[in-house]
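**Q** Given the coordinates of chain D, assemble chain V onto it according to the supplied hints.
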Amino acid sequence: MERRDGKLSFIEKGIFFSGIVILIGLFGYLFYQIVNGEKTHADLKFSIERQEESPLTFKVEVTNTGGQTAEEVSMAFVLYENGKEIATTSASVTYMPVRSKTKLWIVFYDIQSADLLKVSSVSFREP
Amino acid sequence: MTSFKNLRIFQSIKKLTGFFWIMENEKEKTSKNLKEFGRGIIGGLLFSLPIIYTMEVWWTGFLASPEKLIVYVLMTFALLLGYNKFAGMRKDASFLEICRDSVEETGLAFIITFLFLWLVDRITLEMSLQEIVGKVIVESMVMAIGISVGTAQLGQKSDENSGMVGDNDEEEPDSRNQDQYVQLSVLSVCGAALVASSVAPTEEIMVMGIQSSFWQLLLMVVLSVALSAVTLYFSDFRGTIHNSTEIEIMAVHISLCYLISLLVSIALLWFYGRLDNVSFQAGLAQTIVLSIPASVGASAGRLLIANQSRK
Numbered sequence: 045m046e047r048r049d050g051k052l053s054f055i056e057k058g059i060f061f062s063g064i065v066i067l068i069g070l071f072g073y074l075f076y077q078i079v080n081g082e083k084t085h086a087d088l089k090f091s092i093e094r095q096e097e098s099p100l101t102f103k104v105e106v107t108n109t110g111g112q113t114a115e116e117v118s119m120a121f122v123l124y125e126n127g128k129e130i131a132t133t134s135a136s137v138t139y140m141p142v143r144s145k146t147k148l149w150i151v152f153y154d155i156q157s158a159d160l161l162k163v164s165s166v167s168f169r170e171p
Numbered sequence: 056m057t058s059f060k061n062l063r064i065f066q067s068i069k070k071l072t073g074f075f076w077i078m079e080n081e082k083e084k085t086s087k088n089l090k091e092f093g094r095g096i097i098g099g100l101l102f103s104l105p106i107i108y109t110m111e112v113w114w115t116g117f118l119a120s121p122e123k124l125i126v127y128v129l130m131t132f133a134l135l136l137g138y139n140k141f142a143g144m145r146k147d148a149s150f151l152e153i154c155r156d157s158v159e160e161t162g163l164a165f166i167i168t169f170l171f172l173w174l175v176d177r178i179t180l181e182m183s184l185q186e187i188v189g190k191v192i193v194e195s196m197v198m199a200i201g202i203s204v205g206t207a208q209l210g211q212k213s214d215e216n217s218g219m220v221g222d223n224d225e226e227e228p229d230s231r232n233q234d235q236y237v238q239l240s241v242l243s244v245c246g247a248a249l250v251a252s253s254v255a256p257t258e259e260i261m262v263m264g265i266q267s268s269f270w271q272l273l274l275m276v277v278l279s280v281a282l283s284a285v286t287l288y289f290s291d292f293r294g295t296i297h298n299s300t301e302i303e304i305m306a307v308h309i310s311l312c313y314l315i316s317l318l319v320s321i322a323l324l325w326f327y328g329r330l331d332n333v334s335f336q337a338g339l340a341q342t343i344v345l346s347i348p349a350s351v352g353a354s355a356g357r358l359l360i361a362n363q364s365r366k
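Quick note, the sequences are listed as chains D and V, same order. According to our numbering, the first sequence is numbered sequentially starting from 45. According to our numbering, the second sequence is numbered sequentially starting from 56.
It cannot be assumed that every hint is accurate.
Stated by the list, open to error - If you want a taste of the chain V side facing chain D, the calculated C-beta under 10 Å gives, among others:
#1 G116
#2 L118
#3 I125
#4 L163
#5 V188
#6 V191
#7 G338
Unchecked claim - Restraint-style ranges between C-beta atoms, simulated for each label pair:
#8 V:Q271 x D:S118: 29 to 39 Å
#9 V:V126 x D:I64: 51 to 61 Å
#10 V:D176 x D:I155: 56 to 66 Å
#11 V:Q235 x D:S136: 48 to 58 Å
#12 V:W173 x D:G111: 40 to 50 Å
#13 V:W173 x D:T109: 22 to 32 Å
Don't read these hints as lab results, they were simulated from the structure. Computed from a predicted structure; not experimentally measured. Virtual Cβ for every residue (Gly too), placed ideally from N, Cα, C.
If we strip away everything but chain D, and leave its shape as in the complex, we get (with noise of 0.2 Å):
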């Protein structure tokens, strides 16, 4: 934005503090973050819903609430009748940044009725 009497605008004034201020908040942002640099490992936390309308489908909602992204998460789940295993289904998804949350919808088939889905298991990698 090139001038040639030196003085600026009100317009360039208003972009050149906004910028200033932005590149102050960054720098200071990235700083604190690598100061405070210890981060807790990515925690998965579950929440599964019964859909009553539809009660073999259920609604996964998955949230990371460590300080870390879960990478490459693969997540097993488990559905009972009386105590006993039924059937099983495996569900995975890409990247789980911090404090994101993710929504999946599990319908089992040729199943006549189920009393509980549990995780069985969860594998992911931090980068």
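**A** Leaving out everything else, chain V in the frame of chain D:
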């Protein structure tokens, strides 16, 4: 008494005229600034849209460490200073003016990138600050260089503030001059970064690299060098050196161009995490694959973004 009254009336009219003149001047300045910002934003989008639409770049936003992000911002700011010094602004611009422009362009790039990422739902307020900041930084740096290039290159020649008016020095001056080498190198780095950054984060570079045979990789190196040579010496490209017959100078220029392509490729691959946990061979193969677009950027891109006629 009457003459005193007339004098006061005359002074009032003068003041009023001066006020209107300042207002008119300010209006004209604002209009010019808006045009420049418009050109800058278009230039920024032109270069950064491919990476804004690339999934791997969003991922880099939350995968890159704060140290990496700081290095990335500093490197880009240094490039911006270099571009503004050698092509983005008029030749007599002071260092302070160059810094001021670079800060403006960086600020504008952050604002535009943030708004664009929000528009395409890649940023939401539920996300962690770390993810938002990372994504905006990763996406906005190319935007900042694009804004600078757009402001300097997309204007009409009659627009004196664009830096496009002046003597038409179509040919690159004697490149044996030290300053000229620095200038050519800075512009080559900018050109290589602008062209290669849109493909560097993609997985295709890795796939092409590890699946290519030794002979194919060798041919890629030859092709990269040949593309630089054709662009710089044999294609009558705008701003090329037509009359240089000294084989020594040609060799230096072409080698410099390829060396810069390799360095920019390594830097981009490192930033996007493509060199993490891979063997030396896989890293080298990726660098060679990426150096093809980088060498096109370092040669043809450099000539396109270089201000051919600044004052």
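**Q** All hints are to be evaluated individually against the structure, with a verdict given for each.
**A** So, going through the hints one by one against the coordinates:
1. Given the 10 Å rule on beta carbons, the hint for G116 of chain V holds: about 9 Å separates it from the nearest Cβ of chain D.
2. Residue-level restraint check for L118 of chain V holds (minimum Cβ-Cβ distance to chain D is 5 Å; threshold 10 Å).
3. The closest approach between the C-beta of I125 of chain V and any C-beta of chain D is roughly 5 Å, which is under the 10 Å cut-off, so the hint is satisfied.
4. Of the supplied interface hints, the one on L163 of chain V holds, with its beta-carbon coming within about 6 Å of a beta-carbon of chain D, less than 10 Å.
5. Here the hint on V188 of chain V is kept, as its CB sits about 6 Å from the closest CB of chain D, short of 10 Å.
6. Taken as an interface hint, V191 of chain V checks out: its beta carbon lies about 9 Å from the nearest beta carbon of chain D, inside 10 Å.
7. For G338 of chain V, the interface hint is violated, the least distance from its beta-carbon to any beta-carbon of chain D being 18 Å, above 10 Å.
8. For Q271 of chain V paired with S118 of chain D, a C-beta distance near 35 Å keeps the hint of 29 to 39 Å intact.
9. For V126 of chain V paired with I64 of chain D, a C-beta distance near 20 Å fails the hint of 51 to 61 Å.
10. At roughly 35 Å, the beta carbons of D176 of chain V and I155 of chain D sit outside the given window of 56 to 66 Å.
11. Separation of Q235 of chain V from S136 of chain D is about 54 Å and conforms to the stated range, judged on CB atoms against 48 to 58 Å.
12. For the pair W173 of chain V and G111 of chain D, the supplied restraint of 40 to 50 Å is violated, since their beta-carbon distance comes to about 25 Å.
13. Range check, W173 of chain V to T109 of chain D: Cβ separation about 24 Å, and the 22 to 32 Å hint holds.
Against the hints set out earlier in the document, violations occur for numbers 7, 9, 10, 12.
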